[in-house]
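Here the protein sequences come in this chain order: A and X. Count the first sequence with the numbering used here and you get residues 1 to 314, in order. Count the second sequence with the numbering used here and you get residues 1 to 364, in order.
Simulated from the structure, these hints should not be mistaken for laboratory data. Predicted model, so just to flag it, every value in this text is computed and none were measured. Among these hints, one or two may not hold up.
Below, computed lysine-lysine pairings styled on DSS-like, alpha-carbon distance capped at 30 Å [stated by the list, open to error]:
| # | chain 1 | residue 1 | chain 2 | residue 2 |
| --- | --- | --- | --- | --- |
| 1 | X | Lys-37 | A | Lys-269 |
| 2 | A | Lys-269 | X | Lys-355 |
| 3 | X | Lys-56 | A | Lys-279 |
| 4 | A | Lys-269 | X | Lys-206 |
| 5 | X | Lys-160 | A | Lys-269 |
| 6 | X | Lys-306 | A | Lys-200 |
| 7 | X | Lys-56 | A | Lys-269 |
| 8 | X | Lys-163 | A | Lys-21 |
| 9 | X | Lys-145 | A | Lys-279 |
| 10 | A | Lys-269 | X | Lys-151 |
| 11 | X | Lys-354 | A | Lys-269 |
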Amino acid sequence: MAVDYSAKPLLTVDGLKQYFKVSKSFTVHAVENVSFKIYPGETYGLVGESGSGKSTIGRSIIRLYDPTAGKIQFDGTEISGKLSTHDNHILRTQMQMIFQDPMASLNPRKKIGDIIGEGLDIHHAYMNRAERAEKIQDILAKVGLAPEHASRYPHQFSGGQRQRVGIARALIMNPKLIIADECISALDVSIQAQVVNLMKDIQQETGTAYLFIAHDLSMVKYISDRIGVLHLGHLLETGTTEEIFSNPIHPYTRSLLSAIPAPNPIVEKQRVAESYDYKTSGIDYNQGTDHLVSGSHYVKCTDEEFAKWTKRVI
Amino acid sequence: MSEEREQILKIQDLDISFQTTAGTVHAIRGVNIDLYKGETVAIVGESGSGKSVTMKAVMGILASNATVTNGTVEFSYHHADGSPETVNILEKDKKWIRRHINGKRIAMVFQDPMTSLDPTMTIGKQIMEGMIWHFKTPKKEAWDKAVQLLKEVGIEDAEKRMKNYPHQLSGGMRQRVVIAIALSCNPDLLICDEPTTALDVTIQAKIIELIKRVQKERGISVIYITHDLGVVAKVADYVNVMYAGKIVEKGKINEIFYEPKHPYTWGLLSAMPNLDTDDERLYTIPGSPPNLLNEKPGDAFAPRNKYALEIDEKADPPMFQISDTHYAATWLLDPRAPKAEMPAELKTRIEKMKKEANEHGSRL
Numbered sequence: 001m002a003v004d005y006s007a008k009p010l011l012t013v014d015g016l017k018q019y020f021k022v023s024k025s026f027t028v029h030a031v032e033n034v035s036f037k038i039y040p041g042e043t044y045g046l047v048g049e050s051g052s053g054k055s056t057i058g059r060s061i062i063r064l065y066d067p068t069a070g071k072i073q074f075d076g077t078e079i080s081g082k083l084s085t086h087d088n089h090i091l092r093t094q095m096q097m098i099f100q101d102p103m104a105s106l107n108p109r110k111k112i113g114d115i116i117g118e119g120l121d122i123h124h125a126y127m128n129r130a131e132r133a134e135k136i137q138d139i140l141a142k143v144g145l146a147p148e149h150a151s152r153y154p155h156q157f158s159g160g161q162r163q164r165v166g167i168a169r170a171l172i173m174n175p176k177l178i179i180a181d182e183c184i185s186a187l188d189v190s191i192q193a194q195v196v197n198l199m200k201d202i203q204q205e206t207g208t209a210y211l212f213i214a215h216d217l218s219m220v221k222y223i224s225d226r227i228g229v230l231h232l233g234h235l236l237e238t239g240t241t242e243e244i245f246s247n248p249i250h251p252y253t254r255s256l257l258s259a260i261p262a263p264n265p266i267v268e269k270q271r272v273a274e275s276y277d278y279k280t281s282g283i284d285y286n287q288g289t290d291h292l293v294s295g296s297h298y299v300k301c302t303d304e305e306f307a308k309w310t311k312r313v314i
Numbered sequence: 001m002s003e004e005r006e007q008i009l010k011i012q013d014l015d016i017s018f019q020t021t022a023g024t025v026h027a028i029r030g031v032n033i034d035l036y037k038g039e040t041v042a043i044v045g046e047s048g049s050g051k052s053v054t055m056k057a058v059m060g061i062l063a064s065n066a067t068v069t070n071g072t073v074e075f076s077y078h079h080a081d082g083s084p085e086t087v088n089i090l091e092k093d094k095k096w097i098r099r100h101i102n103g104k105r106i107a108m109v110f111q112d113p114m115t116s117l118d119p120t121m122t123i124g125k126q127i128m129e130g131m132i133w134h135f136k137t138p139k140k141e142a143w144d145k146a147v148q149l150l151k152e153v154g155i156e157d158a159e160k161r162m163k164n165y166p167h168q169l170s171g172g173m174r175q176r177v178v179i180a181i182a183l184s185c186n187p188d189l190l191i192c193d194e195p196t197t198a199l200d201v202t203i204q205a206k207i208i209e210l211i212k213r214v215q216k217e218r219g220i221s222v223i224y225i226t227h228d229l230g231v232v233a234k235v236a237d238y239v240n241v242m243y244a245g246k247i248v249e250k251g252k253i254n255e256i257f258y259e260p261k262h263p264y265t266w267g268l269l270s271a272m273p274n275l276d277t278d279d280e281r282l283y284t285i286p287g288s289p290p291n292l293l294n295e296k297p298g299d300a301f302a303p304r305n306k307y308a309l310e311i312d313e314k315a316d317p318p319m320f321q322i323s324d325t326h327y328a329a330t331w332l333l334d335p336r337a338p339k340a341e342m343p344a345e346l347k348t349r350i351e352k353m354k355k356e357a358n359e360h361g362s363r364l
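Given only the sequences and the hints, what does the whole structure look like? Please build it.
What follows is the structure, given as structure tokens:
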């Protein structure tokens with residue numbers, strides 16, 4: 001789907017820092033100076049290993065955490081500080097989240113219809129019961145579930161169906177941005193593909209933007225327009241999916257890409273994945289600045305590193 | 001591989017049912033698996049296909065509501081004095097299995113390293129536990145051996161780490177510790193039940209390389225349970241594709257990847273995300289795995305199979321032989337069946353894979 005990059009960005013994250021104070025002398029720097037933009041109708045994939053701060057970014061954006069520093073703008077409104085009741089109200093309808101584990105994020109004592117309809121109830125988004133039921137039916141149909149599923153409980157569903165419920169719950173408020181935090185990691189490969197396809201279809205239809213957080217680059221490739229690679233809280237490399245996959249610059253990105261096993265036994269048996277160790281690599285993320293590679297492809301590194309890495313590729 | 005292959009494990013016609021409140025679930029329906037010394041067999045399938053249950057039967061750790069209705073699990077090993085012995089694990093009682101098999105000759109690596117380690121014990125103690133229990137190894141000796149093992153699985157500062165608790169280690173390190181525990185009693189067979197599913201890709205690559213290295217050094221056999229075909233391509237010699245408690249296709253790794261015959265294997269291969277192509281949509285196998293609670297006659301895969309024939313609804317297909325090692329259970333291979341080709345996209349993909357493989361072959 002074509003994304004209009006000349007439009008005003010839907011979400012602007014600028015210099016986001018998120019620290020967690022563990023004790024008097026120890027603070028975890030979970031997110032360090034991360035900036036990126038998401039345009040309307042776009043999918044931005046955020047990749048990195050566990051502990052790289054990708055979920056923290058998602059949670060900071062949706063205001064589950066209070067950012068230590070930095071600005072977050074959503075739809076032209078600053079949302080990182082204190083918000084008026086009105087802004088808060090708008091934000092809570094227009095930004096939604098899908099969580100990783102669908103079993104843990106659905107209330108086991110509520111029926112699916114009520115889980116999905118909860119947002120409608122809170123925001124009084126219907127005139128009468130019939131309208132509420134109709135809205136729920138519409139959303140269920142959109143995510144590929146049957147109307148009678150509304151009266152069932154979460155445990156009666158399979159993993160893939162539960163994740164569809166999670167998506168339906170996020171969609172019902174017609175959000176402009178959905179933050180999908182590892183929403184396919186807990187699913188089987190064949191079910192993952194179904195959910196990814198569903199999310200793509202929904203984007204075509206409604207034009208919502210996604211912030212897609214994952215550690216599996218092979219799936220991210222299918223859904224994202226642009227990708228950001230995150231490690232130890234630093235956004236190391238960002239660019240369109242094409243740019244990242246065809247010309248990865250940062251050694252960490254290269255190691256991530258080479259770690260994906262290819263389903264080709266003769267090739268795969270001989271291949272050794274590129275390894276990368278921050279401690280021994282001699283790279284200091286704090287020294288790095290953004291360098292433009294081409295188009296919208298940026299790498300965070302020092303001048304010498306940039307010269308060295310780009311030379312190797314060409 | 002030599003001509004004289006020593007058989008380690010022979011599973012024949014294994015049939016397992018579970019008694020649940022909702023009724024009897026026929027989870028394993030006639031599984032046959034052969035494993036030879038030093039080789040790796042992968043079992044592939046969706047969750048709920050019965051991969052783990054089969055392996056639990058081998059370990060004698062089935063849940064209490066499971067009944068084995070048919071079949072044998074023959075495991076061959078050598079006594080300390082070198083005399084060979086073959087036992088049917090299903091006939092032995094739990095106590096005997098615990099003494100002679102579990103941990104000692106067959107060791108298992110589970111999916112989630114956090115739940116398979118004891119949070120209240122230091123990792124050193126957990127590695128030593130098996131040696132002391134099975135072989136009455138003196139404590140000092142066990143300690144030295146545990147340090148050795150930790151070094152072998154690639155943990156730095158092994159002496160210091162011995163006194164750590166599981167929560168002080170990262171996910172990848174924990175899985176290394178689990179592997180060290182599994183190796184502590186020199187098992188003949190290592191069963192890896194989705195050992196890398198809970199881990200990141202970069203760590204997954206390292207753990208797989210570790211298991212491969214250990215296998216080569218020690219010459220043990222490995223059974224690999226996974227749903228990731230990329231991992232299978234990297235580790236396996238033989239592949240068993242499992243669906244709804246049955247093996248639907250088995251063969252050498254190259255036969256499964258370059259000449260798949262069963263529609264389900266086609267589906268699995270097509271659904272693998274491919275880094276080289278830029279198709280917009282991912283291929284998916286329609287529908288979801290069947291509920292084995294209400295067993296229907298015919299092929300369990302038929303409702304999701306667009307190549308299904310009329311007979312698929314009436315009778316379960318037998319295993320058709322394709323080559324000496326390659327078998328598939330689909331009526332499409334019956335001489336009376338209409339000719340069916342694999343999907344065109346998969347065909348081009350396999351052609352491309354073969355070309356890449358040739359390039360790699362010529363470089364050798």
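Going down the list of hints, with the structure as the test:
Between X/Lys-37 and A/Lys-269 the CA atoms are separated by roughly 19 Å; this keeps the pair inside 30 Å, and the hint holds. Pair hint A/Lys-269 plus X/Lys-355 holds up; C-alpha atoms about 15 Å apart against a cutoff of 30 Å. Taking the CA atoms of X/Lys-56 and A/Lys-279, the gap is near 40 Å; set against the 30 Å cutoff, the hint is violated. Of the supplied pair hints, the one linking A/Lys-269 and X/Lys-206 holds, its CA atoms being roughly 14 Å apart against a limit of 30 Å.
The suggested pairing of X/Lys-160 with A/Lys-269 is violated, with an alpha-carbon distance near 35 Å, which exceeds 30 Å. The suggested pairing of X/Lys-306 with A/Lys-200 holds, with an alpha-carbon distance near 24 Å, which does not exceed 30 Å. For a cut-off of 30 Å, the pair hint linking X/Lys-56 to A/Lys-269 stands: about 28 Å separates their Cα positions. Restraint check for X/Lys-163 and A/Lys-21: the C-alpha separation of about 27 Å stays at or below 30 Å, so the hint holds.
Proximity of X/Lys-145 to A/Lys-279 is assessed by CA-CA distance (about 29 Å); at most 30 Å being required, the pair is judged to hold. With a CA separation close to 25 Å, the supplied pair A/Lys-269 and X/Lys-151 stays within the 30 Å bound. As the CA atoms of X/Lys-354 and A/Lys-269 are separated by approximately 14 Å, the hinted pair is consistent with the 30 Å bound.
Checked against the numbered hints above, the structure violates hints 3 and 5; every other hint is satisfied.
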